[in-house]
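Undergrad: This is what each chain is made of:
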Amino acid sequence: MVLYSPDTYDSLMKEGAEAEAEKLGVKMSITIPQKFDAVLQTSAIDALIAKKVDGIIAAPADGTALIPPLERANDAGIGVVTIDAPIGDGNYESGEVTFPISLVASNNELAGEKGCEALIEEIGGEGKIYIEDVQPGILSSSARREGCEKVIEATGGKVELAGVGYDEETVPKAQSDTAAALQREPDINGVFGTDGYSSQGAAQAVEQAHLTGQVKVVYFDADEEGIELLEKGTVSMVLAQEPKKMGELSVKAMVEALEGKTPEKKISTGVEVITKENVKDPKVAAYIY
Amino acid sequence: MENMTGNDPERAPVAVQSPPAPTGKSSEGTDPNRVDEVGGGSRFDAKSVGQTILKGWSLIFLAALIVVFSITGSGFLTLFNIQTMLADAAILAILALGQTFVILGAGIDLSAGYVMGLASVASALVLNHLAPGSSIILIILVGGGVAVAVGATAGILNGAVTEALKVPPFIVTLGMYGVAQGVGYLLSGGQPVSVHQTAISPLGNGYIAYWFHKTGLTVFHSPAGVTGLELRDVTGIIPNLLVLLVVLFGVCWWVMAKTRFGQHLYALGGNRTAARRAGVSVTRVSLSTFIICSTLAGVAGFVYVLRYSSGTENSGDALLLQAIAAVVIGGTSLFGGVGKITGTAVGVLIITVIQNGLVIVGIDPYWQYIAVGLVIVLAVVVDRLGKKAV
Chain A
1 MVLYSPDTYD SLMKEGAEAE AEKLGVKMSI TIPQKFDAVL QTSAIDALIA KKVDGIIAAP
61 ADGTALIPPL ERANDAGIGV VTIDAPIGDG NYESGEVTFP ISLVASNNEL AGEKGCEALI
121 EEIGGEGKIY IEDVQPGILS SSARREGCEK VIEATGGKVE LAGVGYDEET VPKAQSDTAA
181 ALQREPDING VFGTDGYSSQ GAAQAVEQAH LTGQVKVVYF DADEEGIELL EKGTVSMVLA
241 QEPKKMGELS VKAMVEALEG KTPEKKISTG VEVITKENVK DPKVAAYIY
Chain B
1 MENMTGNDPE RAPVAVQSPP APTGKSSEGT DPNRVDEVGG GSRFDAKSVG QTILKGWSLI
61 FLAALIVVFS ITGSGFLTLF NIQTMLADAA ILAILALGQT FVILGAGIDL SAGYVMGLAS
121 VASALVLNHL APGSSIILII LVGGGVAVAV GATAGILNGA VTEALKVPPF IVTLGMYGVA
181 QGVGYLLSGG QPVSVHQTAI SPLGNGYIAY WFHKTGLTVF HSPAGVTGLE LRDVTGIIPN
241 LLVLLVVLFG VCWWVMAKTR FGQHLYALGG NRTAARRAGV SVTRVSLSTF IICSTLAGVA
301 GFVYVLRYSS GTENSGDALL LQAIAAVVIG GTSLFGGVGK ITGTAVGVLI ITVIQNGLVI
361 VGIDPYWQYI AVGLVIVLAV VVDRLGKKAV
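So the protein sequences, as listed, match chains A and B. In terms of the working numbering, the first sequence opens at residue 1 and continues consecutively. In terms of the working numbering, the second sequence opens at residue 1 and continues consecutively.
Errors might be hidden in some of the hints.
Claimed, not checked - These stretches of chain B come out as covered by chain A in the derived footprint (C-beta under 8 Å, 3 or more residues):
(1) 71–79
(2) 224–235
(3) 311–323
These are computed hints drawn from the structure, not numbers from a lab. Every residue gets a Cβ at the ideal spot worked out from N, C-alpha and C, and that includes glycine.
Please put together the full structure from these sequences, using the hints given.
TA: Here's what the structure looks like:
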């Protein structure tokens, strides 16, 4: 298994995958490159091909750049499952790339739509929304941004997009981006963060501008920080993914395929909107990581 | 920098000695090991044996790594692994070659990673404007040409600001880091630029020759009509990128060890003031190192496009520090004047072998970070011990 870079989200995918591998009695090793980078992932994948493993589960840092190494794996008779994000256009049935066994991921565009719909409702159906995104080119967070943009567009001008910032996976950059946006356009009343870092930075900027409550924040990823901010009231809602479940399902799909079965080409995990009201609900609490 | 190295009496002999050295005995004149001989005299005792070991430690360490991984990792010592490892290391190696020039001249180039990314984006965009299915020659000329031009431009700017305005290279190249990053994102519109040229991937991922038991040896392309399970029995021989790498390495080695420019570079890095007094055009030499480094970053960007059929702004970000680490592990002093291109090659191999080997052995990912970190510090410590021994 080759993951992105060391953070909570990755360690949860790792945890889920390890648990499932133990349950199914398969041997698995995991590589997490030091940085989110296609070149580092490629050298790990090539090493696994040389090792002649049976299957590789990869969380692709770049949907185009990871095609050649994973194709090499496939040519060598190694099963390929992608987790969290796809390679190619993501359609493994009839799209650009069809050799992977399965894609196990959140439905990210739907997640973006769901989050922004809730945000628009929260701000009373009109106003200006600012989006803090991670880095251009990451398919998962870009899909969330696009989902959100789609919902904004569907309001027919009642809600405007105030701009998009890219935090390059650092909280301080997300914070300064959002602070600058709030400064520039004081009428922003909603902020959408597309992952843990961007949401955290965005929430901090809102808090420091003393706009808590006036500017509603959607926090993507139900990590500890997010839940804390939700309980404090700094953020209005938290969007929870299921990285652990992705880890589990990816191993399950891989083992099924190696046993000769045909798992679904697209395996979607859910996204839950957590608010202050339902955060204590045990059914919802299961989503918190 | 100037003062730091200027006060170092150990380095002075190189600067004074090198510039006037005629081409006849140039190889001796450029050999940085001469410093020690001039400074300490040549005594053959236990001390000098210890010194030899310290000097060759990186090579010994590399050999030890290879032995350990060959025993513990199944599949490590296979033709496939050795070849893909080298091909995967090509981009890092090209960045490290460039960085060696700048660091030898007592500079540093922090922008190389994002200059590489910018070059890859520019090259990918231009390649998409060519007719689909363009010939390999056209792709190399146009795509490679654009990437090299982008790199050279960044290098000229880095060098000019450093030299003309006397701004420390650390700051100048940190500025260029941001500029290249920003321009790259503007050009790419934020998404990786996929290249739709079918000839590209075989060039970046292919081999010079292929062996298949049914068709024998085929040159430059995988045997026709072989698909599915049979692909597993096709053996690639010599990755295309390895050829490029060997050529670049050879050229860099020659420039550093055999040319007047190489001698001047060591003189500049050793003691800038002394080099200037000895008649070296230090400005020109320093400017050249930045141009060489960024141009090679441009080449690395093009290689990225060839290997991944994509131009990505942050493609070189993670590799920059690795490249600097490789140079340092290879024995080049961050203060300039001491180091060799062969050392850099060994440094790149050490980093590559560790990364590959630890994955094959299946060691916990976080231990991999610790291993690489320790090796870098160890490199500098051993380097220091070697100098003290003089």
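Undergrad: Determine for every hint whether it applies to the structure shown.
TA: Here is how each hint holds up against the structure:
no.: 1; hint: 71–79; verdict: holds (count 5)
no.: 2; hint: 224–235; verdict: holds (count 3)
no.: 3; hint: 311–323; verdict: holds (count 7)
In summary, the structure agrees with every hint in the numbered list given earlier.
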